[in-house]
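6 protein chains.
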Amino acid sequence: MRPSGRAPDQLRPVSLEPGFSRHAEGSCLVKFGDTHVLCTASIDERVPPWMRNTGKGWVTAEYGMLPRSTHTRTDREAARGKQSGRTQEIQRLIGRSLRAVVDLPAMGERQINIDCDVLQADGGTRTASITGSWVALHFAFERLIKEGKLSASPITGQVAAVSCGLWEGTPVLDLDYPEDSKAQADANFVLTGSGGIVEVQGTAEDKPFSEPEFIALLELAKKGIGELTRLQRLAIGPSSIKSP
Amino acid sequence: MRPSGRAPDQLRPVSLEPGFSRHAEGSCLVKFGDTHVLCTASIDERVPPWMRNTGKGWVTAEYGMLPRSTHTRTDREAARGKQSGRTQEIQRLIGRSLRAVVDLPAMGERQINIDCDVLQADGGTRTASITGSWVALHFAFERLIKEGKLSASPITGQVAAVSCGLWEGTPVLDLDYPEDSKAQADANFVLTGSGGIVEVQGTAEDKPFSEPEFIALLELAKKGIGELTRLQRLAIGPSSIKSP
Amino acid sequence: MRPSGRAPDQLRPVSLEPGFSRHAEGSCLVKFGDTHVLCTASIDERVPPWMRNTGKGWVTAEYGMLPRSTHTRTDREAARGKQSGRTQEIQRLIGRSLRAVVDLPAMGERQINIDCDVLQADGGTRTASITGSWVALHFAFERLIKEGKLSASPITGQVAAVSCGLWEGTPVLDLDYPEDSKAQADANFVLTGSGGIVEVQGTAEDKPFSEPEFIALLELAKKGIGELTRLQRLAIGPSSIKSP
Amino acid sequence: MRPSGRAPDQLRPVSLEPGFSRHAEGSCLVKFGDTHVLCTASIDERVPPWMRNTGKGWVTAEYGMLPRSTHTRTDREAARGKQSGRTQEIQRLIGRSLRAVVDLPAMGERQINIDCDVLQADGGTRTASITGSWVALHFAFERLIKEGKLSASPITGQVAAVSCGLWEGTPVLDLDYPEDSKAQADANFVLTGSGGIVEVQGTAEDKPFSEPEFIALLELAKKGIGELTRLQRLAIGPSSIKSP
Amino acid sequence: MRPSGRAPDQLRPVSLEPGFSRHAEGSCLVKFGDTHVLCTASIDERVPPWMRNTGKGWVTAEYGMLPRSTHTRTDREAARGKQSGRTQEIQRLIGRSLRAVVDLPAMGERQINIDCDVLQADGGTRTASITGSWVALHFAFERLIKEGKLSASPITGQVAAVSCGLWEGTPVLDLDYPEDSKAQADANFVLTGSGGIVEVQGTAEDKPFSEPEFIALLELAKKGIGELTRLQRLAIGPSSIKSP
Amino acid sequence: MRPSGRAPDQLRPVSLEPGFSRHAEGSCLVKFGDTHVLCTASIDERVPPWMRNTGKGWVTAEYGMLPRSTHTRTDREAARGKQSGRTQEIQRLIGRSLRAVVDLPAMGERQINIDCDVLQADGGTRTASITGSWVALHFAFERLIKEGKLSASPITGQVAAVSCGLWEGTPVLDLDYPEDSKAQADANFVLTGSGGIVEVQGTAEDKPFSEPEFIALLELAKKGIGELTRLQRLAIGPSSIKSP
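Protein chains in written order, with the UniProt record's numbering: chain A, 1 to 244; chain B, 1 to 244; chain C, 1 to 244; chain D, 1 to 244; chain E, 1 to 244; chain F, 1 to 244.
Don't read these hints as lab results, they were simulated from the structure.
Model, not experiment: these values are computed from the prediction.
Among the hints, erroneous ones may be present.
Because identical chains share one entry, a pair is satisfied inside a single copy or across any pair of copies.
Stated by the list, open to error - The calculated lysine to any residue pairs, modelled on SDA-like cross-linking and capped at a C-alpha distance of 20 Å, are: (1) Lys56 <-> Thr156; (2) Lys223 <-> Pro212; (3) Lys223 <-> Ala79; (4) Lys182 <-> Met1; (5) Lys182 <-> Asp103; (6) Lys207 <-> Ser153; (7) Lys31 <-> Ile236; (8) Lys82 <-> Trp58; (9) Lys223 <-> Ala235; (10) Lys223 <-> Pro49; (11) Lys207 <-> Pro105; (12) Lys149 <-> Leu218; (13) Lys207 <-> Arg143; (14) Lys207 <-> Leu218.
Can you make the complete structure from the sequences, with help from the hints?
See the structure below:
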């Protein structure tokens with residue numbers, strides 16, 4: 001029995017609330033149980049210097065945690081004067097994951113800045129961030145279409161993410177913080193709506209895991225992401241994104 | 001007629017929602033119209049080195065804005081590697097304002113860290129932060145009482161804040177962003193529940209203001225803060241804080 | 001009786017010595033008793049990027065304390081790698097105060113950098129800085145007129161500053177360090193030559209102050225600033241600045 | 001045909017040269033073809049503050065590239081004043097990988113600092129770093145045994161790493177830089193001597209990859225790491241490490 | 001003829017004004033012509049961690065230039081967030097030079113912090129700093145003797161510094177800024193009162209210099225430093241320092 | 001007898017191995033005994049902003065030590081976030097030394113970046129760096145000639161460096177670390193192939209040294225540098241550099 005009482009293949013209650021932020025071109029408040037992340041997508045009509053005149057756009061991401069999103073207060077990165085290695089690792093992952101489903105030349109020479117700010121943390125903040133950011137990104141592109149700056153969405157498919165882990169030998173889906181901190185192994189999967197693998201990050205916390213164990217985690221992830229992408233489609237409403 | 005259509009002495013709709021954050025010892029989501037600030041109070045049983053063995057406690061504050069809380073995206077301070085002068089000025093103001101109504105020796109050698117994070121900005125973020133933080137601070141002390149670490153709240157009174165300004169020559173209460181950016185003068189008042197002045201910061205934006213104008217702003221502030229402290233008392237419920 | 005032995009409405013001996021610095025376009029060594037600040041004004045024919053092609057100039061200020069200007073040595077900010085919140089707050093105040101009496105479009109697209117460096121500190125460094133900087137700024141503009149780059153000074157009036165406080169219940173003018181560190185309340189006033197309010201910053205150190213107390217401080221400030229602006233006029237000699 | 005002319009399952013020439021560094025307690029110059037990394041292991045008899053009195057030791061890693069290890073010069077991180085996100089990601093990976101095969105309580109309250117400095121880069125610097133660092137770590141523990149500070153090596157097994165990728169649809173082993181920069185997908189595997197999975201990091205560069213493709217990469221990695229761990233055993237000579 | 005009109009072996013007018021700073025335990029305003037440096041010596045009863053329990057004291061130095069001490073304004077190092085290589089080089093030189101004439105064990109486990117702040121620069125700021133700091137240091141030790149914390153000064157001799165250079169082939173003493181910026185070679189000499197060499201730093205600016213040229217510069221320096229140490233003795237008055 | 005057993009005027013075994021680095025336009029691994037420094041020269045076709053349109057080129061240098069190049073591990077400067085004063089002092093010295101033998105206008109508006117990275121340290125890293133960098137620089141210019149971008153080398157002569165010191169009163173050449181750490185005085189000489197002085201840096205470690213002692217050190221240096229420049233000529237092979 002996992003600490004949360006959930007079945008091994010059961011997600012936490014997930015909600016995706018688009019339009020949470022009044023100013024952002026796209027936004028989504030995503031909740032995976034007690035993990036709440038505000039994802040915003042901001043359009044910047046300029047690309048970074050190294051991309052100018054390439055005819056391509058860019059999607060980049062930043063990630064932060066409110067100091068008291070965590071069980072005990074975490075130092076504010078702005079006050080410490082630098083972002084931790086963990087923060088940088090996560091924001092690089094979010095950016096890569098989203099770019100995997102965007103046709104960069106089709107978006108024109110502009111940049112979308114994704115901001116994922118964790119209001120409350122209970123495990124899985126990076127997977128919630130990716131899942132919610134895709135929704136925010138969708139609406140930023142919708143805005144560009146509405147303004148006549150794009151004729152179609154450069155999004156080529158859905159992308160969502162979930163963590164899986166070995167809990168006392170059993171593969172379980174969508175670890176919350178108490179589960180994550182005691183899992184024997186922990187893997188984050190970023191998959192497309194059609195089940196393609198975009199990113200896999202598996203880490204043995206306690207002892208190495210075997211190939212069959214890893215395959216079992218991947219199977220769980222595919223099931224969970226099937227559900228997450230269904231919720232994403234509900235969140236964006238009728239739209240140009242095809243079902244998987 | 002002010003841009004917001006409000007009467008000169010009319011606050012924006014204000015709400016104070018305690019307990020917004022699951023992990024913090026005290027928290028309050030404060031809204032002054034479209035300005036939304038999440039205030040948390042975190043108890044730290046250690047004081048900073050320079051206060052050890054003084055027998056006194058400390059209340060300190062940090063302030064931040066989510067990058068897309070603003071009309072156009074603002075750079076993330078954690079990514080830029082330092083907090084702006086404005087941020088530091090505001091967090092020092094919040095800390096001083098709260099300490100003015102706390103009996104520091106009575107709270108014991110511990111520190112309360114206040115975090116004010118702006119989820120959405122539309123003017124008056126510093127005054128909303130002070131007003132909401134007082135509520136978060138109240139609940140953090142309640143927690144210490146409940147845990148038997150304090151026998152009574154060291155809070156000696158209420159404190160709240162509001163901005164006032166001159167709009168086309170007319171003194172107006174609680175400026176929102178469009179009003180603030182065009183006001184001829186702008187002053188922030190931090191007053192106690194009994195009308196005592198804790199902090200005054202007045203700045204002539206366009207041309208100097210006269211003494212009578214300044215007095216008129218102070219009168220408006222007293223009215224507004226009377227209403228804000230009433231809402232604070234509603235938010236904390238029946239408690240040891242006396243009405244003014 | 002205040003610690004300094006001065007009457008409640010008595011300034012410390014004040015001197016303003018223009019031309020202290022050989023290289024600066026304008027300079028003034030200002031002394032408020034044992035508080036000595038070297039103020040320089042440097043002309044930069046370029047404005048910051050965000051002001052280019054606006055047809056306006058800019059006046060900005062930086063502030064620093066020599067490590068041993070203080071009673072005990074203070075860490076050097078250049079060695080610590082960042083300016084404190086206090087430093088930033090003060091230099092923003094100095095800049096705003098001076099800009100309030102400069103016609104920015106009239107000064108052309110150039111910038112004046114004011115540097116206020118405290119050689120010796122005994123309270124009131126920010127008010128001395130503002131008072132002395134106005135003199136330095138005056139001479140920088142005189143230089144531009146002499147060089148034919150301006151036809152008239154873009155200064156629209158005088159600006160000076162003084163602190164006031166409550167000393168054992170009595171309002172007193174121009175606090176020195178021993179007074180400041182024990183005052184019950186402390187306010188800095190920045191006024192124009194004609195008595196207009198440019199900046200007010202009042203802080204209750206010990207307990208909140210009342211509105212009548214605050215008005216009494218403002219009255220003292222007006223008296224003190226009348227004297228300071230008289231000394232400024234003496235320091236600049238016969239010039240285009242009208243008496244108030 | 002891959003650019004390097006190697007068979008799909010063929011490693012580059014690999015060499016592991018222990019004792020390259022005169023001062024370090026353990027060291028190894030590892031070469032994967034033209035990728036050369038100097039790995040050193042330094043014993044520090046103190047652990048970081050948060051580990052004191054836990055009875056456990058720690059292994060941590062830092063990573064850097066010489067500015068001209070790369071095809072075109074890369075800015076020196078010490079001059080830029082911070083380590084990139086990529087650097088931090090890699091050094092965290094190296095540390096986790098090594099700790100997976102160390103019995104931390106058995107090593108006593110001391111820390112081993114691994115430094116991986118890339119003298120020349122041609123792809124696969126992180127996998128070479130992990131493979132070489134294990135050898136350096138081995139010798140640092142040997143030194144502690146020789147000095148009588150440990151009675152047996154706390155190393156519980158071997159760990160090595162290799163990258164695999166999809167080159168024009170074909171799974172290939174041990175990507176060099178030209179292959180890596182054009183691969184359709186790229187995965188780094190960190191495995192133990194007995195084939196257990198310690199870390200997996202897969203990234204689709206161009207388009208998502210399928211589960212069978214991912215399994216094929218894992219199979220290649222197992223083969224490559226079998227060879228790398230054989231070379232590690234040769235490098236350390238007769239020792240307490242059992243063959244897999 | 002050198003630009004300054006001085007004879008080749010002629011110092012600029014030099015003055016040493018002790019006690020310039022009200023708060024510092026020792027201070028001296030040193031002027032070498034238009035180069036003005038405020039030197040202060042601050043006693044710190046604690047030594048840095050790495051010196052604790054060594055029974056020895058330490059003398060360290062920091063150096064800074066006011067932004068407008070220079071002909072055109074120099075960026076403030078505190079604002080730029082770091083000290084330049086030049087600044088660090090100079091402050092290390094000042095510290096080493098002073099320690100060469102201090103019996104560190106005799107001064108007890110305390111530290112003297114020397115601060116050299118350039119109020120006005122016209123070449124030779126580092127040599128003026130060393131010369132003036134020795135006077136400031138003297139008075140800090142006098143203070144410790146007066147307070148009964150030391151029975152005798154731990155200063156073992158005098159130290160002073162001067163620059164020399166080749167001006168159109170002629171060796172000249174004590175370069176001012178116009179001379180320094182066009183000199184063919186430039187050397188700073190730090191000598192004791194008895195002519196011993198403490199530091200030599202020679203740099204060919206334009207073309208290498210010969211051994212005889214270098215010896216000629218050293219001869220000039222000895223003459224100049226003879227005069228500087230005479231002025232130091234006048235500045236400190238009758239004291240325990242023997243004439244050379 | 002010096003600790004190394006060498007004769008007073010004997011260099012350590014010196015080797016200069018050009019072409020050590022595969023990617024750099026010029027490179028040299030230099031060994032002075034157990035001091036090993038990798039020197040690379042990288043061509044950058046852009047000059048820094050302040051040199052644009054001057055028609056001149058620039059040679060600059062950076063220096064670093066691998067964390068475990070030293071007897072005990074030194075913190076990584078990239079991790080500490082800044083370069084030490086010592087590092088900056090050394091890299092400025094290397095740059096000045098090389099520029100002394102380069103005709104900057106003749107090299108065209110481009111920059112050569114020298115990187116000196118210490119793989120193993122045993123005293124004299126800065127002198128080895130200068131000596132080896134000259135070889136790396138030579139080959140970078142050869143590359144420009146080969147590519148038709150220059151018609152002749154802008155190098156006007158050789159430059160090399162060596163340290164000398166007083167060991168128990170005896171002048172000795174080329175100090176290794178045990179000698180350096182106990183020498184009574186220590187001087188670094190940078191001389192041209194024809195014996196001209198480019199840089200001299202002498203520091204009395206223990207007690208001041210006399211003029212004759214200093215001259216003796218210079219004589220030793222001339223002898224040592226004669227040998228070093230001979231080895232440089234061997235390393236570059238037949239070339240346009242004339243023998244001294």
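Right, here's what the structure says about each hint:
Only within a single protomer do lysine 56 and threonine 156 lie at most 20 Å apart by alpha-carbon distance; the minimum there is 15 Å, versus 47 Å between protomers. Taking the shortest Cα distances, lysine 223 and proline 212 sit within 20 Å of each other both inside one copy (17 Å) and across copies (17 Å). In the homo-oligomer, the alpha carbons of lysine 223 and alanine 79 never lie at most 20 Å apart, since the shortest distance is 41 Å inside one protomer and 36 Å across protomers. Taking the shortest Cα distances, lysine 182 and methionine 1 sit within 20 Å of each other inside one copy (14 Å), while across copies they are farther apart (45 Å).
Taking the shortest alpha-carbon separations for lysine 182 and aspartate 103, only the inter-copy value of 18 Å comes in at or below 20 Å, while the best intra-copy value is 39 Å. Only between protomers do lysine 207 and serine 153 lie at most 20 Å apart by alpha-carbon distance; the minimum there is 18 Å, versus 44 Å within a single protomer. In this assembly of identical chains, lysine 31 and isoleucine 236 lie within 20 Å of each other by CA distance solely inside one copy; the values are 16 Å within and 27 Å between copies. Neither within a single protomer nor between protomers do lysine 82 and tryptophan 58 lie at most 20 Å apart by alpha-carbon distance, with minima of 24 Å and 24 Å respectively.
For the homomeric pair lysine 223 and alanine 235, the shortest alpha-carbon distance inside one copy (19 Å) is at most 20 Å, but the shortest distance between copies (44 Å) is not. Taking the shortest Cα distances, lysine 223 and proline 49 never come within 20 Å of each other, neither inside one copy (41 Å) nor across copies (43 Å). For the homomeric pair lysine 207 and proline 105, the shortest alpha-carbon distance between copies (15 Å) is at most 20 Å, but the shortest distance inside one copy (44 Å) is not. Within a single copy, lysine 149 and leucine 218 get their C-alpha atoms no closer than 39 Å, and across copies no closer than 44 Å, so neither meets the 20 Å cut-off.
In the homo-oligomer, the alpha carbons of lysine 207 and arginine 143 never lie at most 20 Å apart, since the shortest distance is 48 Å inside one protomer and 26 Å across protomers. For the homomeric pair lysine 207 and leucine 218, the shortest alpha-carbon distances inside one copy (18 Å) and between copies (18 Å) are both at most 20 Å.
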